[in-house]
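Once you have looked at the hints, place chain B on chain A.
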Amino acid sequence: MTITPVTIAFAVLAIFTLGGGLGVVSSRNMVHAALYLVLALFGVAGLYVLLEAPFLAAIQVLVYMGAIAVLITITIMVTRRIMGITESVNRQWPLAAGIAALVAVTLGFVVLGLFNGLLPVADVPPDNIEQLGAAFVSHQAYLLPFEVASVLLLAAMIGAIVVARD
Amino acid sequence: MKEWTFIAILLIVSAMLPTVPIMGGRLLGPRKPNEQKSSTYECGVETVGDTWVQFKVQYYIFALVFLVFDIELVFLYPWAVAYNRLPLFGVIAGVVFIITLAEALIYAWRKGALEWL
Chain A
1 MTITPVTIAF AVLAIFTLGG GLGVVSSRNM VHAALYLVLA LFGVAGLYVL LEAPFLAAIQ
61 VLVYMGAIAV LITITIMVTR RIMGITESVN RQWPLAAGIA ALVAVTLGFV VLGLFNGLLP
121 VADVPPDNIE QLGAAFVSHQ AYLLPFEVAS VLLLAAMIGA IVVARD
Chain B
1001 MKEWTFIAIL LIVSAMLPTV PIMGGRLLGP RKPNEQKSST YECGVETVGD TWVQFKVQYY
1061 IFALVFLVFD IELVFLYPWA VAYNRLPLFG VIAGVVFIIT LAEALIYAWR KGALEWL
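So the protein sequences, as listed, match chains A and B.
In terms of the numbering used here, the first sequence opens at residue 1 and continues consecutively.
In terms of the numbering used here, the second sequence opens at residue 1001 and continues consecutively.
This is chain B alone, in the form it adopts within the complex:
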């Protein structure tokens, strides 16, 4: 349990890092809004149209590809943890797993699924 204490401290500190300046600015700073100040800031360019729009469906393919490699990670994580005590056979078995999924990446690449249309 002891090592988790450090993660808990890290979580608390990382939650405070953004909230303390934001709340401090809100509590201490003077507030004199006008139309220019409260307009939406988007890299200095005037915002065109509504920001709540439907996005291109191509984002979805990226999400699906990410999902597959994320599941691959679940299998490879214990394998990588056990790496030092594995026999050569076990290392090769893990490499075969990676190569099989590399085929999926090659397929996506060659089919142009990673190209931005």
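Chain A extracted, bound-state conformation:
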């Protein structure tokens, strides 16, 4: 295997992702765990860039690093006494470790199986985001789901305000 800039970038991003994930499960402070989660999500965003999926990378940064991280942090902030928790494990940790190991083994087999019959994929068109945007508002493509999504978001927001204010 030759070392190219892409391999180096992959190694750095993999260290960020795995190190962040390790920090999430090992840190004794919930707020620190949330910040490590942001680091892990950032690593995944970089991996999307390496896979030539810039739109997914943008969504990863906007939604996961932006919205989900803010939501998790604020959930920790408004929860009573959760800020004082200093233990990183509870009684259920053997069960969680077992399930995590099972998932890792299953995913490992799937990935190794894929490498045997890996096919080169078609090149991603450079204007793929532009094509997606045009498809969103074209009546031959995704116009209806696009407009329904706005109504769904409207309902979600009104529901959230009604529930949170009671």
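Since the hints were made in silico from the structure, they are not lab data.
Keep in mind that this is a model prediction, so the values were computed, not measured.
Be aware that one or more of the hints could be misleading.
Claimed, not checked - Just so you have them, the derived chain B footprint on chain A, three or more residues with Cβ under 8 Å:
| id | stretch |
| --- | --- |
| 1 | 18-24 |
| 2 | 133-144 |
Stated by the list, open to error - Listed below are the simulated EDC-like cross-link pairs for lysine to aspartate or glutamate, each with C-alpha atoms no more than 20 Å apart in a straight line:
| id | chain 1 | residue 1 | chain 2 | residue 2 |
| --- | --- | --- | --- | --- |
| 3 | B | Lys1002 | A | Glu147 |
| 4 | B | Lys1002 | A | Asp127 |
| 5 | B | Lys1002 | A | Glu52 |
Glycine residues also receive a C-beta, built at the ideal position from the N, C-alpha and C atoms.
Okay, now just chain B, sitting in the frame of chain A:
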């Protein structure tokens, strides 16, 4: 891939900007702590009570409102990128999307969800 190289350089430089002064100060500066120096600095006012407290639940409403508009951004981003090649119909379809979500903002505003209690 070439344009991403600049983003990688930007990331490295922006990571170095805070770490180099902090580490430089830690390595080069003399350290003579006393009680006054190592007390918590909070805008010059003495800190009252614990800083790790439960925050008001109202922050949560702001987080939820932010979440909805963040998801709106995911849909509008490709639409804005494609703006130059869209027919008038496509532009209007995007504006309808924005107006529908502006209703959500008006609702939150009129219900006083944005007021600080």
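Quick rundown of the hints versus the structure:
no.: 1; hint: 18-24; in the structure: violated (count 0)
no.: 2; hint: 133-144; in the structure: holds (count 7)
no.: 3; hint: B:Lys1002 to A:Glu147; in the structure: 36 Å, violated
no.: 4; hint: B:Lys1002 to A:Asp127; in the structure: 16 Å, holds
no.: 5; hint: B:Lys1002 to A:Glu52; in the structure: 12 Å, holds
Checked against the numbered hints above, the structure breaks hints 1, 3 and satisfies the rest.
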